[in-house]
Amino acid sequence: MHGMSASTAAVVSEHDSAVVPQARPFVELDNVSLSFGGEQGLLALDRVSIEVSEREFVAVVGPSGCGKSTLMKLVTGLLPPSSGTVAVDGKMVTGPIKCVGMAFQNSTLMPWRTTLNNVMLPLEIVQPFKRERRQRRDEHRARAERLLDLVGLGGFGAKYPWQLSGGMQQRANLCRALVHEPKLLMLDEPFAALDAFTREELWIIMQNLWLRQQFSSVLVTHDLREAVFLADTVYVLSKRPGRVIFRKRINLPRPRSIAGSFEAGFVSIVHELRDKIVEARS
Amino acid sequence: MTPARRKRLQYQLMPYVLTLVLLLLWEAINRLTHISSVILPAPSEIFGTLMREHALIAEHALHTFVTSMIGFGLGVVTGVLIGFATGISPAIYSGIYPLLVAFNAIPKVALLPLFVLWAGIGAVPAVLTALTLAFFPIAVNVATGLATIEPEMEDLMRSLGARRDEILIKVGIPRAMPFLFASLKIAISLAFVGTVISETVASNDGIGFLMMAASSRFDVPLVFAGLFVIAVMAVAAYGVCSLVEERVVHWAFHARG
Numbered sequence: 001m002h003g004m005s006a007s008t009a010a011v012v013s014e015h016d017s018a019v020v021p022q023a024r025p026f027v028e029l030d031n032v033s034l035s036f037g038g039e040q041g042l043l044a045l046d047r048v049s050i051e052v053s054e055r056e057f058v059a060v061v062g063p064s065g066c067g068k069s070t071l072m073k074l075v076t077g078l079l080p081p082s083s084g085t086v087a088v089d090g091k092m093v094t095g096p097i098k099c100v101g102m103a104f105q106n107s108t109l110m111p112w113r114t115t116l117n118n119v120m121l122p123l124e125i126v127q128p129f130k131r132e133r134r135q136r137r138d139e140h141r142a143r144a145e146r147l148l149d150l151v152g153l154g155g156f157g158a159k160y161p162w163q164l165s166g167g168m169q170q171r172a173n174l175c176r177a178l179v180h181e182p183k184l185l186m187l188d189e190p191f192a193a194l195d196a197f198t199r200e201e202l203w204i205i206m207q208n209l210w211l212r213q214q215f216s217s218v219l220v221t222h223d224l225r226e227a228v229f230l231a232d233t234v235y236v237l238s239k240r241p242g243r244v245i246f247r248k249r250i251n252l253p254r255p256r257s258i259a260g261s262f263e264a265g266f267v268s269i270v271h272e273l274r275d276k277i278v279e280a281r282s
Numbered sequence: 283m284t285p286a287r288r289k290r291l292q293y294q295l296m297p298y299v300l301t302l303v304l305l306l307l308w309e310a311i312n313r314l315t316h317i318s319s320v321i322l323p324a325p326s327e328i329f330g331t332l333m334r335e336h337a338l339i340a341e342h343a344l345h346t347f348v349t350s351m352i353g354f355g356l357g358v359v360t361g362v363l364i365g366f367a368t369g370i371s372p373a374i375y376s377g378i379y380p381l382l383v384a385f386n387a388i389p390k391v392a393l394l395p396l397f398v399l400w401a402g403i404g405a406v407p408a409v410l411t412a413l414t415l416a417f418f419p420i421a422v423n424v425a426t427g428l429a430t431i432e433p434e435m436e437d438l439m440r441s442l443g444a445r446r447d448e449i450l451i452k453v454g455i456p457r458a459m460p461f462l463f464a465s466l467k468i469a470i471s472l473a474f475v476g477t478v479i480s481e482t483v484a485s486n487d488g489i490g491f492l493m494m495a496a497s498s499r500f501d502v503p504l505v506f507a508g509l510f511v512i513a514v515m516a517v518a519a520y521g522v523c524s525l526v527e528e529r530v531v532h533w534a535f536h537a538r539g
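Chains as they are written, first to last, in my numbering: chain D, 1 to 282; chain W, 283 to 539.
Please note: incorrect hints may appear among the correct ones.
[Claimed, not checked] Below 27 angstroms or equal to it, Euclidean Cα-Cα: the simulated DSS-like pairs (lysine-lysine) are:
{"id": "1", "chain 1": "D", "residue 1": "Lys91", "chain 2": "D", "residue 2": "Lys183"}
{"id": "2", "chain 1": "W", "residue 1": "Lys452", "chain 2": "W", "residue 2": "Lys467"}
{"id": "3", "chain 1": "D", "residue 1": "Lys73", "chain 2": "W", "residue 2": "Lys467"}
{"id": "4", "chain 1": "D", "residue 1": "Lys239", "chain 2": "D", "residue 2": "Lys159"}
{"id": "5", "chain 1": "D", "residue 1": "Lys98", "chain 2": "D", "residue 2": "Lys73"}
{"id": "6", "chain 1": "D", "residue 1": "Lys239", "chain 2": "D", "residue 2": "Lys98"}
{"id": "7", "chain 1": "D", "residue 1": "Lys159", "chain 2": "D", "residue 2": "Lys73"}
{"id": "8", "chain 1": "D", "residue 1": "Lys130", "chain 2": "D", "residue 2": "Lys159"}
{"id": "9", "chain 1": "D", "residue 1": "Lys183", "chain 2": "W", "residue 2": "Lys467"}
{"id": "10", "chain 1": "D", "residue 1": "Lys98", "chain 2": "D", "residue 2": "Lys183"}
{"id": "11", "chain 1": "D", "residue 1": "Lys130", "chain 2": "W", "residue 2": "Lys467"}
{"id": "12", "chain 1": "W", "residue 1": "Lys452", "chain 2": "D", "residue 2": "Lys73"}
{"id": "13", "chain 1": "D", "residue 1": "Lys73", "chain 2": "D", "residue 2": "Lys91"}
{"id": "14", "chain 1": "W", "residue 1": "Lys467", "chain 2": "D", "residue 2": "Lys98"}
{"id": "15", "chain 1": "D", "residue 1": "Lys98", "chain 2": "D", "residue 2": "Lys130"}
[Claimed, not checked] Chain D regions said to be covered by chain W (calculated; three or more residues, Cβ under 8 angstroms):
{"id": "16", "segment": "119–132"}
{"id": "17", "segment": "215–223"}
[To be verified] Now the in silico label distances, taken between C-beta atoms and shown as ranges:
{"id": "18", "chain 1": "W", "residue 1": "Gly377", "chain 2": "D", "residue 2": "Leu42", "range": "51 to 59 angstroms"}
{"id": "19", "chain 1": "W", "residue 1": "Tyr298", "chain 2": "D", "residue 2": "Arg212", "range": "58 to 66 angstroms"}
{"id": "20", "chain 1": "W", "residue 1": "Val526", "chain 2": "D", "residue 2": "Arg249", "range": "53 to 61 angstroms"}
{"id": "21", "chain 1": "W", "residue 1": "Arg446", "chain 2": "D", "residue 2": "Glu279", "range": "25 to 33 angstroms"}
{"id": "22", "chain 1": "W", "residue 1": "Met296", "chain 2": "D", "residue 2": "Arg274", "range": "34 to 42 angstroms"}
{"id": "23", "chain 1": "W", "residue 1": "Ala367", "chain 2": "D", "residue 2": "Gln163", "range": "30 to 38 angstroms"}
{"id": "24", "chain 1": "W", "residue 1": "Pro389", "chain 2": "D", "residue 2": "Ala196", "range": "54 to 62 angstroms"}
{"id": "25", "chain 1": "D", "residue 1": "Ile258", "chain 2": "W", "residue 2": "Ile451", "range": "54 to 62 angstroms"}
{"id": "26", "chain 1": "W", "residue 1": "Ile374", "chain 2": "D", "residue 2": "Gln127", "range": "53 to 61 angstroms"}
{"id": "27", "chain 1": "W", "residue 1": "Arg529", "chain 2": "D", "residue 2": "Ser49", "range": "22 to 30 angstroms"}
{"id": "28", "chain 1": "W", "residue 1": "Ile388", "chain 2": "D", "residue 2": "Leu42", "range": "51 to 59 angstroms"}
{"id": "29", "chain 1": "W", "residue 1": "Arg446", "chain 2": "D", "residue 2": "Glu181", "range": "46 to 54 angstroms"}
The hints are simulated quantities; they were obtained by calculation from the structure and are not laboratory data. Glycine included, C-beta positions come from ideal geometry on N, C-alpha and C.
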């Protein structure tokens with residue numbers, strides 16, 4: 001119907017060979033389509049298949065309007081797919097899944113809570129933390145403070161989010177997304193609104209958090225350097241309706257550095273991805 | 283004192299200075315043109331009346347104040363209840379909201395004959411008029427605060443596994459607080475409007491009645507004295523609401539922009 005060609009599948013499989021055989025997929029999207037407004041409605045995603053292994057960092061890039069953010073909602077069960085299946089941790093996703101961390105471009109920190117209390121929010125909602133929150137209040141507080149320390153926000157816990165800069169807000173946002181130690185972190189362009197230098201700072205922080213806490217992550221972005229810097233695997237989506245047109249394994253050693261992102265190996269990958277996006281836009 | 287602080291103090295004093303200047307101007311015009319005090323009494327004359335009749339004025343002012351506060355209090359209760367129900371349920375919202383807007387379009391003075399018919403003259407129709415004027419901005423604001431939670435905030439809460447009531451308690455209600463307090467300032471002013479309107483036509487007590495009675499005796503300085511007192515009360519009530527607002531939802535004053 002929408003002319004997904006055989007060549008698309010060929011492109012995907014060409015680069016599939018390098019997949020690490022380490023583990024079963026933690027997140028598995030199998031031929032997922034989504035249309036808004038019923039059968040005849042607007043098709044946002046067209047037979048998308050994406051796999052995220054345990055502890056794998058996956059980035060999804062594509063031209064704007066390719067349904068990247070829709071993908072986030074599908075994985076977390078906030079939206080049901082029109083066809084195809086979504087499975088997380090071996091279980092089919094039928095409603096909002098629990099124990100996932102989320103961070104958006106807009107930090108959505110609550111202005112009526114201090115930074116520390118914002119970070120502790122998931123501990124008031126997610127089990128078993130919620131059950132234990134009275135007995136273990138000090139422990140929970142220490143956990144949130146440790147995370148804030150880790151992202152360089154030690155001592156800022158008592159400040160309100162509106163007293164922090166944009167970059168600091170996003171750091172607090174990452175802390176909130178990770179404080180309950182979710183097995184899956186979903187990032188929807190969390191660094192897009194920051195200036196270039198702050199953004200690079202945040203990449204380093206993000207990488208450190210990931211190396212330390214070891215969770216699966218899906219990052220949606222339109223910044224190719226960001227995708228290559230952070231991800232183990234990058235998926236390129238076409239323009240609407242979004243289809244996976246390319247998949248790239250990033251085998252650069254970790255931890256990666258900003259300086260390294262200007263070296264030939266890194267840059268050539270960025271160019272390769274860029275060519276695919278240009279193709280996808282035309 | 284730093285120049286910045288001096289400047290801020292200057293700005294804070296400006297309205298008082300301007301009020302004083304206007305009063306002096308008024309006094310000067312009166313003295314120069316010899317306008318009859320039955321048309322426009324001079325500020326000095328009004329002030330004299332205020333001093334002379336202070337016991338009478340205080341008694342009626344207290345009546346107006348208490349009546350307004352009862353109307354305001356009932357307005358807050360009904361406004362919050364209706365706003366809450368409207369804000370949390372799209373079904374109730376779609377049903378009630380148009381009715382609220384329609385009700386608000388009715389001039390409340392037009393309801394007064396009914397209130398008098400049901401309750402006779404006195405404080406009751408005044409309370410009812412204050413209530414019907416005051417509850418509307420509260421209901422609309424509370425409903426708006428609850429109904430306009432950012433979709434991303436809601437996604438975040440749902441992805442943590444939050445139930446609907448948890449989203450309401452942790453996001454909806456705190457978020458609606460600045461909306462509520464902003465509406466209280468408007469509502470308290472409207473409560474005074476309602477009370478005084480009712481008192482001018484259907485009461486034997488209160489500032490509204492006092493002014494009406496004074497004007498029928500051509501005691502125009504007393505009319506102005508009443509006007510002055512009601513103005514001071516309404517401004518003071520607004521100020522108190524404003525102070526409480528700054529204390530309770532201080533974050534809302536910084537969070538924007």
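Outcome of the hint check:
1. D:Lys91 <-> D:Lys183: 14 angstroms, holds
2. W:Lys452 <-> W:Lys467: OK: Lys452 of chain W and Lys467 of chain W at ~25 angstroms, within 27 angstroms.
3. D:Lys73 <-> W:Lys467: 41 angstroms, violated
4. D:Lys239 <-> D:Lys159: Answer violated: Lys239 of chain D to Lys159 of chain D is near 41 angstroms, above 27 angstroms.
5. D:Lys98 <-> D:Lys73: 13 angstroms, holds
6. D:Lys239 <-> D:Lys98: 30 angstroms, violated
7. D:Lys159 <-> D:Lys73: Since the Cα atoms of Lys159 of chain D and Lys73 of chain D sit roughly 31 angstroms apart, the hinted pair is violated (cutoff 27 angstroms).
8. D:Lys130 <-> D:Lys159: Given that 27 angstroms is the threshold and the Cα spacing comes to 24 angstroms, the pair holds.
9. D:Lys183 <-> W:Lys467: 48 angstroms, violated
10. D:Lys98 <-> D:Lys183: OK: Lys98 of chain D and Lys183 of chain D at ~10 angstroms, within 27 angstroms.
11. D:Lys130 <-> W:Lys467: 38 angstroms, violated
12. W:Lys452 <-> D:Lys73: 22 angstroms, holds
13. D:Lys73 <-> D:Lys91: 16 angstroms, holds
14. W:Lys467 <-> D:Lys98: 42 angstroms, violated
15. D:Lys98 <-> D:Lys130: Judged against 27 angstroms, a Cα distance of about 13 angstroms means the pair holds.
16. 119–132: Our answer is that it holds, as 6 residues pass the Cβ test (under 8 angstroms) against chain W, meeting three.
17. 215–223: With 0 residues close enough to chain W, the hint is violated.
18. W:Gly377 <-> D:Leu42: 51 to 59 angstroms: 30 angstroms, violated
19. W:Tyr298 <-> D:Arg212: 58 to 66 angstroms: 60 angstroms, holds
20. W:Val526 <-> D:Arg249: 53 to 61 angstroms: 60 angstroms, holds
21. W:Arg446 <-> D:Glu279: 25 to 33 angstroms: About 45 angstroms separates the Cβ atoms of Arg446 of chain W and Glu279 of chain D, which means 25 to 33 angstroms is violated.
22. W:Met296 <-> D:Arg274: 34 to 42 angstroms: Check failed, 59 angstroms falls outside 34 to 42 angstroms.
23. W:Ala367 <-> D:Gln163: 30 to 38 angstroms: 35 angstroms, holds
24. W:Pro389 <-> D:Ala196: 54 to 62 angstroms: 59 angstroms, holds
25. D:Ile258 <-> W:Ile451: 54 to 62 angstroms: The hinted range 54 to 62 angstroms is violated for Ile258 of chain D and Ile451 of chain W, with Cβ atoms some 42 angstroms apart.
26. W:Ile374 <-> D:Gln127: 53 to 61 angstroms: With a Cβ separation near 32 angstroms, Ile374 of chain W and Gln127 of chain D fall outside 53 to 61 angstroms, so the hint is violated.
27. W:Arg529 <-> D:Ser49: 22 to 30 angstroms: 55 angstroms, violated
28. W:Ile388 <-> D:Leu42: 51 to 59 angstroms: Check failed, 43 angstroms falls outside 51 to 59 angstroms.
29. W:Arg446 <-> D:Glu181: 46 to 54 angstroms: 25 angstroms, violated
Checked against the numbered hints given earlier, the structure breaks hints 3, 4, 6, 7, 9, 11, 14, 17, 18, 21, 22, 25, 26, 27, 28, 29 and satisfies all the rest.
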